[in-house]
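Novice: Since the structure of chain A is provided, determine the placement of chain B on it from the hints.
Protein chains: 2
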Amino acid sequence: MEPLANGVLKADIKAAAKLMRYIEEEDTRAIDELKLLYGHTGHSHIIGITGLPGSGKSTLIDVMIEYFRSGKKTVGVIAVDPSSPFTGGSFLGDRIRMQKHSFDKDVFIKSLPTKGWRGGISKVTSRMITVMDAMGKDIIAVETAGVGQTEVDIKNLVHTTIVVLVGGLGDYIQIIKAGILEIADIFVINKADKNNTEDLESDLKNLFSLDTGSAKEGSGSDKSNAGSIKESAGWKPSIYLTEAANNKGVDRLIEGIFEHENYLRLTGKFSNYFRSKSNNDMKEIISDYLSNLLFEKLENDSLYKKLLDDLIHNDSDPYTAAEKILNQFLNFKK
Amino acid sequence: MEPLANGVLKADIKAAAKLMRYIEEEDTRAIDELKLLYGHTGHSHIIGITGLPGSGKSTLIDVMIEYFRSGKKTVGVIAVDPSSPFTGGSFLGDRIRMQKHSFDKDVFIKSLPTKGWRGGISKVTSRMITVMDAMGKDIIAVETAGVGQTEVDIKNLVHTTIVVLVGGLGDYIQIIKAGILEIADIFVINKADKNNTEDLESDLKNLFSLDTGSAKEGSGSDKSNAGSIKESAGWKPSIYLTEAANNKGVDRLIEGIFEHENYLRLTGKFSNYFRSKSNNDMKEIISDYLSNLLFEKLENDSLYKKLLDDLIHNDSDPYTAAEKILNQFLNFKK
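Just so you know, the sequences run in chain order A and B.
Going by the numbering used here, 178 is the number at position 178 of the first sequence; the sequence numbering is gapless.
Here the numbering used here = 1-based position in the second sequence + 1000.
Don't read these hints as lab results, they were simulated from the structure.
Bear in mind the structure is a predicted one, so any value in this text is a computation, not a measurement.
Even for Gly, the Cβ is constructed at its ideal location relative to N, Cα and C.
Please note that the accuracy of each hint is not assured.
Cβ pair distances, simulated, as ranges [as the list claims (entries may be wrong)]:
#, chain 1, residue 1, chain 2, residue 2, range
1, A, Glu299, B, Leu1303, 26 to 34 Å
2, A, Asn314, B, Lys1248, 39 to 47 Å
3, B, Lys1072, A, Glu198, 45 to 53 Å
4, B, Asp1104, A, Asp138, 52 to 60 Å
5, A, Asn156, B, Asn1247, 37 to 45 Å
6, B, Ser1202, A, Ser70, 40 to 48 Å
7, B, Leu1036, A, Asn156, 29 to 37 Å
8, A, His313, B, Asp1104, 30 to 38 Å
9, B, Met1001, A, Asn196, 52 to 60 Å
10, B, Asn1247, A, Lys305, 26 to 34 Å
11, B, Leu1303, A, Asn6, 29 to 37 Å
12, A, Asp199, B, Gly1268, 48 to 56 Å
13, A, Lys14, B, Gly1039, 54 to 62 Å
Okay, chain A solo, but in the shape it has when bound (with noise of 0.2 Å):
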């Protein structure tokens, strides 16, 4: 039988379809598949967008991706947040409303419903990133829910992370200051026409030192990045304001996108990307063959299930009994 991997590498959405519920699935086949695409890989533009539920985050991308696709730029979207309309979980209209990406065969969208994975958001996100590269997809926007350590793993899986807020919410400013704000290489405040944006601005400016007049009413770039590149290496995040389901900002929004892609390009930080992913990948990899390796091994083992009655009646600790068993079954060669 003809591998998946050689219709993924011509786009083909059957093909992907398929491998991406072997991944889901954990089905051993995926990583068969996923040898032959890995080589093909490092091509993509990847961006993540998190936001809290409302705040219009998958509108957003719905609109980003009329931009992108009449720029020519192939697009796809791995949907991670379980109340986005883009996974099938939605009960809602909007669904429909994305549907008609379905017609485009140069933007595929998949949906991760976090329910019932085995393996972890970070690991099968990274595996869809790297068929969606293998497919050609110029551009991979992956969406999440703004909410929780998924938030700074989305960080290292991005080469952009674009965080979306809505003004007037006192709940946004705890976030910031929890710390997931600070993964942001751009901000967007959207439904800019329905909600005062006037607070929520001020408070990023100060949080990150942005210059003043960077997020102008209508416009909302800041342009202040094109010298920042020259000067150092640091990027200073930008602030968009846009109202998504009008259509309006989301043009100056995409130019800033390819500001940060630009930015990246010229730091070699696009490619440093690639890299860290690829040790990653391998990591997570050599972990997971090692867990699986040493657990099959236990599941039968006497000394095993002696540890864990040991430790039912508090006779011993997980530790004591983890020391045991490497020493029992392990030998490093070097």
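Specialist: Coordinates of chain B only, in the frame set by chain A:
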């Protein structure tokens, strides 16, 4: 120097706080202390409280603490949600309100901002539970943000999972479908005074085939479980309507929590939880040790560097590289 563990076993707050800092920072001293504590754990009833920002979880926990304290129970709180007023991260006045418990030596509140963690959420939370359990806390409440993979993980870390919702928000329906609600042992519909709860109630009842009449305005308890414990080993989630901010309905919820604890004890599931936690803790530690041992060796290894270079130049894939590494370094004894 006296081990911190001695202090922790006497419920000393300073010793516990210091050990928790070691755990967060992955300081190796944490392990030596945890070894001494593990044999003294397995006593606490561990409750997960999960829900989106704005659902009023923290206020609910605040009121729950008062009920537990009036019943002379000692309480620990682990707040994993970065938007929680329990976390140091909060800008808002809510935090001050929570601090009233800081004068009560039998309430210990620990916030875990997700920022900058080296370990995973599950591991760190599991270790914090061990410390609070060793301190002798009768109840340990773990607060999480209600979006994403974390929620599914949290189910395995607690005895009783409470999902807090508010009526009138379409987002919640999407989250239902995404599987977050399937982890619930108890549903709370909070802010019942402010929002229409009927749609949410009937959705929940339909999805989980709950008996009608299980959620009565004002009382809000599903009493059908008393019968179902006798009939079978299954547990049907109950629905409680609360107005935590006005201290309404929480008394009934507390009864529901004790009903669930009772169910767990009658069916042997209460102690099964500890068996499962011990097993997970041991496996996690084994995985950690294994990976650390190996990655330490790889740090300066020329084969590893060559393989990584091959990856970056698209001459290899991380799966094949991982296999080579394992063949080079590892030898399973049995």
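Novice: Compare the structure with each hint and give your call.
Specialist: We went through each hint and held it up to the structure:
1. At roughly 31 Å, the beta-carbon separation of Glu299(A) and Leu1303(B) lies within the given 26 to 34 Å, and the hint holds.
2. Take Asn314(A) and Lys1248(B): their Cβ atoms lie about 41 Å apart, and the range 39 to 47 Å holds.
3. A beta carbon spacing of about 50 Å between Lys1072(B) and Glu198(A) agrees with the range 45 to 53 Å that was offered as a hint.
4. Look at Asp1104(B) against Asp138(A): about 58 Å separates their beta carbons, and that is inside 52 to 60 Å.
5. For Asn156(A) and Asn1247(B), the Cβ-Cβ distance of about 44 Å falls inside the hinted range of 37 to 45 Å, so the restraint holds.
6. Here the CB-CB span from Ser1202(B) to Ser70(A) is close to 44 Å, well matched to the stated 40 to 48 Å.
7. A C-beta distance of roughly 35 Å is found between Leu1036(B) and Asn156(A), which places it inside the suggested range of 29 to 37 Å.
8. Distance hint check: the CB atoms of His313(A) and Asp1104(B) are about 33 Å apart, consistent with the given range 30 to 38 Å.
9. For the pair Met1001(B) and Asn196(A), the beta carbons lie near 55 Å from each other, so the given range of 52 to 60 Å is met.
10. Range check, Asn1247(B) to Lys305(A): Cβ separation about 49 Å, and the 26 to 34 Å hint is violated.
11. A beta carbon spacing of about 31 Å between Leu1303(B) and Asn6(A) agrees with the range 29 to 37 Å that was offered as a hint.
12. Between Asp199(A) and Gly1268(B) the C-beta distance comes to about 53 Å, which sits within the given range of 48 to 56 Å.
13. The hinted range of 54 to 62 Å is satisfied by Lys14(A) and Gly1039(B), whose Cβ atoms lie roughly 55 Å apart.
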